[in-house]
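Participant: Spelled out from the first residue to the last, the chains are:
Number of protein chains: 2
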Amino acid sequence: MDLSAEFKRWKAQCLSKADLSRKGSVDEDVLEIVQLLNGQEQFFTTSSCAGRIILLDGSINGSEVQKKNCCWLLVTHKACVKDDVIVALKKANGDAILKFEPLVLHVQCRQLQDAQTLHSVAIDSGFRNSGITVGKRGKTMLAVRSTHSLEVPLSHQGKLMVTEEYINFLVKIANQKMEENKKRIERFYNCLQHALEKETVSTTSHPKEKVNSSYSRKKKRNPEKARGKRVTKENDKELENNDHDDPGISVTIFPEDY
Amino acid sequence: MDLSAEFKRWKAQCLSKADLSRKGSVDEDVLEIVQLLNGQEQFFTTSSCAGRIILLDGSINGSEVQKKNCCWLLVTHKACVKDDVIVALKKANGDAILKFEPLVLHVQCRQLQDAQTLHSVAIDSGFRNSGITVGKRGKTMLAVRSTHSLEVPLSHQGKLMVTEEYINFLVKIANQKMEENKKRIERFYNCLQHALEKETVSTTSHPKEKVNSSYSRKKKRNPEKARGKRVTKENDKELENNDHDDPGISVTIFPEDY
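These protein sequence lines map, in sequence, to chains A and B. Read in full-length UniProt numbering, the first sequence has 143 at position 143, and its numbers run on one by one without any break. Read in full-length UniProt numbering, the second sequence has 155 at position 155, and its numbers run on one by one without any break.
Any given hint could turn out to be false.
If several chains are the same, the list does not tell them apart, and a pair holds so long as it fits within one copy or across any two.
[Claimed, not checked] Dumping the calculated DSSO-like pairs for lysine-lysine here, alpha-carbon to alpha-carbon at most 27 Å:
no.	residue 1	residue 2
1	Lys172	Lys91
2	Lys198	Lys136
3	Lys78	Lys182
4	Lys139	Lys17
5	Lys172	Lys99
For the record, the hints were derived by calculation from the structure and aren't laboratory data.
The shape of chain A in the complex, shown without the other chains (with noise of 0.2 Å):
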């Protein structure tokens, strides 16, 4: 069978599953990108999680085997409530931890010209960790994945370390990330929908024009590397040289027209 028929057959029956999820359902604030990418023939999304703030009561220590014992103390996808939390730590008897995390979502794409497209609307939106993974048969998957984090512990066997006030203002910037996730998701859903009529407009004219289009954006916004001038990682997107907010690593840009 070819790879698009291929394609087809997955993605009938990955939408054809219930969704097996804690929740069960796709959160409200994807749901409107997950419906426009599932309306594509090229695309279609396997999971998904609009962004949300959760207070883990489990081991730090980074290892594997202990964070799959940690258990959920308060899990929201909407702005916190400071006395939630406080509430929720009561029952902490490990090392709490109050963590945000965006959006994450992850979209099989029928060829890797459509992951290119779909990561350049990613990278675009600011979901600069985003990537493209490509399995044996050609499996072409890309995950949408932002830079933008907190992890913090607030107490240790079962003890508060922190105070109330500190907590009011965690709970304050965790929720302005939550914003600013918003924020994100509604740019890549406007990229997007660009994206894909660009990508139209470019099949019946300029069938070549499709991934151009995404990446020259980025060279007039981005002229040092046009000149092939060595640039600190917040100005390279292409590369996804943008893993850390700071010119802190070493980073070498080529010229754009090689």
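We have chain A; now place chain B onto it with these hints.
Facilitator: Leaving out everything else, chain B in the frame of chain A:
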């Protein structure tokens, strides 16, 4: 010029340039990997950071503009000393944040298959947020990233919001994460060596075995996937569904043997 010749030219161009990073050299802990990769004709590294603990002074409302205004109060690629953080915090007049940032490595790959092999090595070593980027002229990059993080606001407008005891607790956690990061870097080096040996064997005997081998290991580890059963984020590696460390989001996995 064909892609392979172009790749050679990019590599020569990149490796001939001086390191213009703040530090001016490759971090010790990642040097072996960088040298191993740059010694292979199909790879070269364009940026790297072995991992670090940093104390930033700036705004934390997540907007890029404000992030660019932040300054570094402390940076270390080794275990962090509590008293150094206490001293550095005295210089904070904005919103100070303590962050642990794990390994970040960007590797340009000759072709997609090379990126797939390296991606598999990264995932198997615990760098589960790794992903491929394909530029418009076929420039193929792998970004090696971990889910492993820590980001803790400590002061607001110059006012310290936590106790010295908490800072001590936090520094221990940051140092534990640094240790775990080191282990993953060692795993990455060993997996990479193993994959490169396998590749040499497979390209001389069975050219097709190369990519399959890297994924067939996963199938053995994830028997559920082979039966097409839905699995949680923790279990799914090939689809990069590991952005969160808990089964909180909707994921569908297909049988490996389509």
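Participant: Compare the structure with the hints numbered earlier in the document and write down the numbers of the violated ones, lowest to highest.
Facilitator: none
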